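Chemist: Below, each chain spelled out in residue letters.
Number of protein chains: 2
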Amino acid sequence: MNQDGQNQDGPSQGGQDEPWVSELQGRCPEWLRGEGPAADVVLSSRVRLARNLAGMAFTPRASQDDSELVMTRVRAQLEQLGTDRLSIDLRGCPKERGRLLVERQLISAALLAGRQRQAKGDANQDPRGVVTWLGDERLAVMINEEDHIRIQSLRSGFDLPSALRSADEIDDAIEATLDYAFHPRLGYLTACPTNVGTGARFSVMLHLPALAITGDLERAKRAAHDMALAVRGFYGEGTESAGDFFQLSNQTTLGRSEGMLLDEMALEIVPQIIEYERESRRKLMNTQRVLLEDRVHRALGTARSARLLSSEEAMKLLGLIRLGVVLRVIDDVALPTVHGLMLAVQPAHLSLAHGGELESGDRRAARATLMRDRMKSKGAG
Amino acid sequence: MNQDGQNQDGPSQGGQDEPWVSELQGRCPEWLRGEGPAADVVLSSRVRLARNLAGMAFTPRASQDDSELVMTRVRAQLEQLGTDRLSIDLRGCPKERGRLLVERQLISAALLAGRQRQAKGDANQDPRGVVTWLGDERLAVMINEEDHIRIQSLRSGFDLPSALRSADEIDDAIEATLDYAFHPRLGYLTACPTNVGTGARFSVMLHLPALAITGDLERAKRAAHDMALAVRGFYGEGTESAGDFFQLSNQTTLGRSEGMLLDEMALEIVPQIIEYERESRRKLMNTQRVLLEDRVHRALGTARSARLLSSEEAMKLLGLIRLGVVLRVIDDVALPTVHGLMLAVQPAHLSLAHGGELESGDRRAARATLMRDRMKSKGAG
Numbered sequence: 004m005n006q007d008g009q010n011q012d013g014p015s016q017g018g019q020d021e022p023w024v025s026e027l028q029g030r031c032p033e034w035l036r037g038e039g040p041a042a043d044v045v046l047s048s049r050v051r052l053a054r055n056l057a058g059m060a061f062t063p064r065a066s067q068d069d070s071e072l073v074m075t076r077v078r079a080q081l082e083q084l085g086t087d088r089l090s091i092d093l094r095g096c097p098k099e100r101g102r103l104l105v106e107r108q109l110i111s112a113a114l115l116a117g118r119q120r121q122a123k124g125d126a127n128q129d130p131r132g133v134v135t136w137l138g139d140e141r142l143a144v145m146i147n148e149e150d151h152i153r154i155q156s157l158r159s160g161f162d163l164p165s166a167l168r169s170a171d172e173i174d175d176a177i178e179a180t181l182d183y184a185f186h187p188r189l190g191y192l193t194a195c196p197t198n199v200g201t202g203a204r205f206s207v208m209l210h211l212p213a214l215a216i217t218g219d220l221e222r223a224k225r226a227a228h229d230m231a232l233a234v235r236g237f238y239g240e241g242t243e244s245a246g247d248f249f250q251l252s253n254q255t256t257l258g259r260s261e262g263m264l265l266d267e268m269a270l271e272i273v274p275q276i277i278e279y280e281r282e283s284r285r286k287l288m289n290t291q292r293v294l295l296e297d298r299v300h301r302a303l304g305t306a307r308s309a310r311l312l313s314s315e316e317a318m319k320l321l322g323l324i325r326l327g328v329v330l331r332v333i334d335d336v337a338l339p340t341v342h343g344l345m346l347a348v349q350p351a352h353l354s355l356a357h358g359g360e361l362e363s364g365d366r367r368a369a370r371a372t373l374m375r376d377r378m379k380s381k382g383a384g
Numbered sequence: 004m005n006q007d008g009q010n011q012d013g014p015s016q017g018g019q020d021e022p023w024v025s026e027l028q029g030r031c032p033e034w035l036r037g038e039g040p041a042a043d044v045v046l047s048s049r050v051r052l053a054r055n056l057a058g059m060a061f062t063p064r065a066s067q068d069d070s071e072l073v074m075t076r077v078r079a080q081l082e083q084l085g086t087d088r089l090s091i092d093l094r095g096c097p098k099e100r101g102r103l104l105v106e107r108q109l110i111s112a113a114l115l116a117g118r119q120r121q122a123k124g125d126a127n128q129d130p131r132g133v134v135t136w137l138g139d140e141r142l143a144v145m146i147n148e149e150d151h152i153r154i155q156s157l158r159s160g161f162d163l164p165s166a167l168r169s170a171d172e173i174d175d176a177i178e179a180t181l182d183y184a185f186h187p188r189l190g191y192l193t194a195c196p197t198n199v200g201t202g203a204r205f206s207v208m209l210h211l212p213a214l215a216i217t218g219d220l221e222r223a224k225r226a227a228h229d230m231a232l233a234v235r236g237f238y239g240e241g242t243e244s245a246g247d248f249f250q251l252s253n254q255t256t257l258g259r260s261e262g263m264l265l266d267e268m269a270l271e272i273v274p275q276i277i278e279y280e281r282e283s284r285r286k287l288m289n290t291q292r293v294l295l296e297d298r299v300h301r302a303l304g305t306a307r308s309a310r311l312l313s314s315e316e317a318m319k320l321l322g323l324i325r326l327g328v329v330l331r332v333i334d335d336v337a338l339p340t341v342h343g344l345m346l347a348v349q350p351a352h353l354s355l356a357h358g359g360e361l362e363s364g365d366r367r368a369a370r371a372t373l374m375r376d377r378m379k380s381k382g383a384g
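Chains as they are written, first to last, in the numbering used here: chain A, 4 to 384; chain B, 4 to 384.
It is worth saying that the hints were derived from the structure and are not from the lab. It is possible that some hints are incorrect.
Stated by the list, open to error - Some chain A residues judged to face chain B by a derived CB distance under 8 Å, without partners named:
1) His-300
2) Arg-301
3) Leu-303
4) Gly-304
5) Thr-305
6) Arg-307
7) Ser-308
8) Ala-309
9) Arg-310
10) Leu-311
11) Ala-368
All figures in this text were calculated on a predicted structure; none of them were measured in a lab. In this text, a Cβ means the ideal position worked out from N, Cα and C, and glycines have one as well.
Starting from the given sequences, assemble the full structure and let the hints guide the process.
Modeler: Next comes the structure, spelled out in structure tokens:
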């Protein structure tokens, strides 16, 4: 199935008339399946490559025509790749659908807002889009974000090497016909100097609830900072860390090879934090089991009872329930249920499932209803 | 069955070797049955009469021999009344059993501590005791509290007149053989001037959760203060109002007849507050039903899930659950279950049910276990 969601559907808000909207909603992306190495602590691994086309101004300085040309060329090239391809022009894409893509981490909030080009005008009309593959949502290519091309590759669990391999394949496929801006000494050129070089950013989404309970979380975060890693929440830059989910990423790529960056993350820093969290979990299970059970079961009890839930509280509850499921303190909830809810409780997911925009109060009620329904005891335990 | 719990059982702590201990624990006292007038808002009504024997120093100034004599005379008189009588000498009564009586509101914490006589010595050895009737715990007579005799009469719901009738009967029965300290102009003489006159205090235990939710509680409390009423928590003087339970009592009795005091409480002040709370409940049900359901079901969810519970949190949860049951927002919990737990979650009740003193951490675990067990869904709803 080849789908194209671009610009054919007028200004109607939030409807489910595009098949990809309901298709995305009905499914848990591969990176949230709770599989792969160290899946007890690492939710997902992500590789992002920043690329720009040779001989054209970077997005912030580009003219509308330049950006249009970038968009046309990159899409044309990507649309030859694979089946089940979803290519979306974000101009004219109804707001709730765009937000759905942000919530599923297929595009950045910045790309949706359209603030990339510095030239004046209706930012929303700036040429920008995304190409992804519906099968598993492991790959997405943003066009005309801060860089002309941003390839994103996701994997569940702690598996940066596989994520990098997929990203490299797309990278090669694009480079087969399009020239990248590349400097023999500096490497790939990017709009922001911190990305110059490999243009690669490696991230892992960690779940660190035991460190949060034992009070050692701040120490772990400081250690990550000291190793020049950025620490963000579940929804990326500037978001709170509700649920004790943390995204760790390398900050600069200049002067180091992809291999060096990868090794640092995959072999040194992240394994240490994983071990630190596991040790805390063991300590909790051995010496404060009742305290742990109390926290976890209260969260499940609230998830099964509340009639109004904010997005932040929902994530908090899901984080604790996830800990309980992983440690087998909770035995009647499945991990994919928890992970699926991490997306489904978000505003655009809720609105689109409901069939139209929801007021904030109604959204809190709809979120609580969804949570109760999906968290219903399966009769075990 | 005539039982006498005095002083025969040595210093052993907390055991259940006395039949009355397990008998009290296994039962909900009449005043917590949730019956009677206005039982949706009024938990119970209480009348207390303060009396002193003529020609003997008030307790604070009494010698040990005087207090001994008061104790002997009053007990002798009371022990002729009714069957199922429980007469306890608090000297030598194991601490946990004494606390059980306090938690059931059969004696005051001050009487248990033995701080009444101002003479130096081992306060715990001061002669003091209580006589009650096991059948329903509606009557209790404390001996050598601040006054020689304090008669307490309890009723479930809003029924001060019945409570007064029962208190008067005991009062008459004592006066049949013992002379009270009485002044023709002042009335009954008491250790504290605020009780001089009728020696009567009328109290009602109100449940005001809707006023607490709507934020109008402070206004209601100020109004009660302005009408010279004392406002206390569930456990009397100096206790917090966890669960939104409030005890309202008249403060002075001098210069007013029993009938005047009774009418003021029974016909004016309390009915107004009852109506105020009912109005708030209606408002919540009509305009903020989801908010109400959220609060109430969260409380029930936590009660059914927590593994550790403090006494204060337990009362808070029970208060909200009680509101849910009364308003039929919760349909699978019975009111007597809620009321029974209000006693059963208290420290001495927990320790004695456990068969021995509990550490604070173990007590919180035992409280949570008890709460979960009794709150189990009956499958309704």
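Chemist: Work down the list of hints and note, for each, if the structure agrees.
Modeler: Right, here's what the structure says about each hint:
1. His-300: OK, holds: A:His-300 within 8 Å of chain B, min 4 Å.
2. Arg-301: 5 Å, holds
3. Leu-303: 6 Å, holds
4. Gly-304: 3 Å, holds
5. Thr-305: 5 Å, holds
6. Arg-307: 6 Å, holds
7. Ser-308: This hint holds: A:Ser-308 lies near chain B, its Cβ roughly 3 Å from the closest one there, short of 8 Å.
8. Ala-309: Cβ of A:Ala-309 sits 5 Å from chain B, so the hint holds.
9. Arg-310: Cβ of A:Arg-310 sits 4 Å from chain B, so the hint holds.
10. Leu-311: This hint holds: A:Leu-311 lies near chain B, its Cβ roughly 4 Å from the closest one there, short of 8 Å.
11. Ala-368: The hint holds - A:Ala-368 has a Cβ within 8 Å of chain B, the shortest such distance being about 6 Å.
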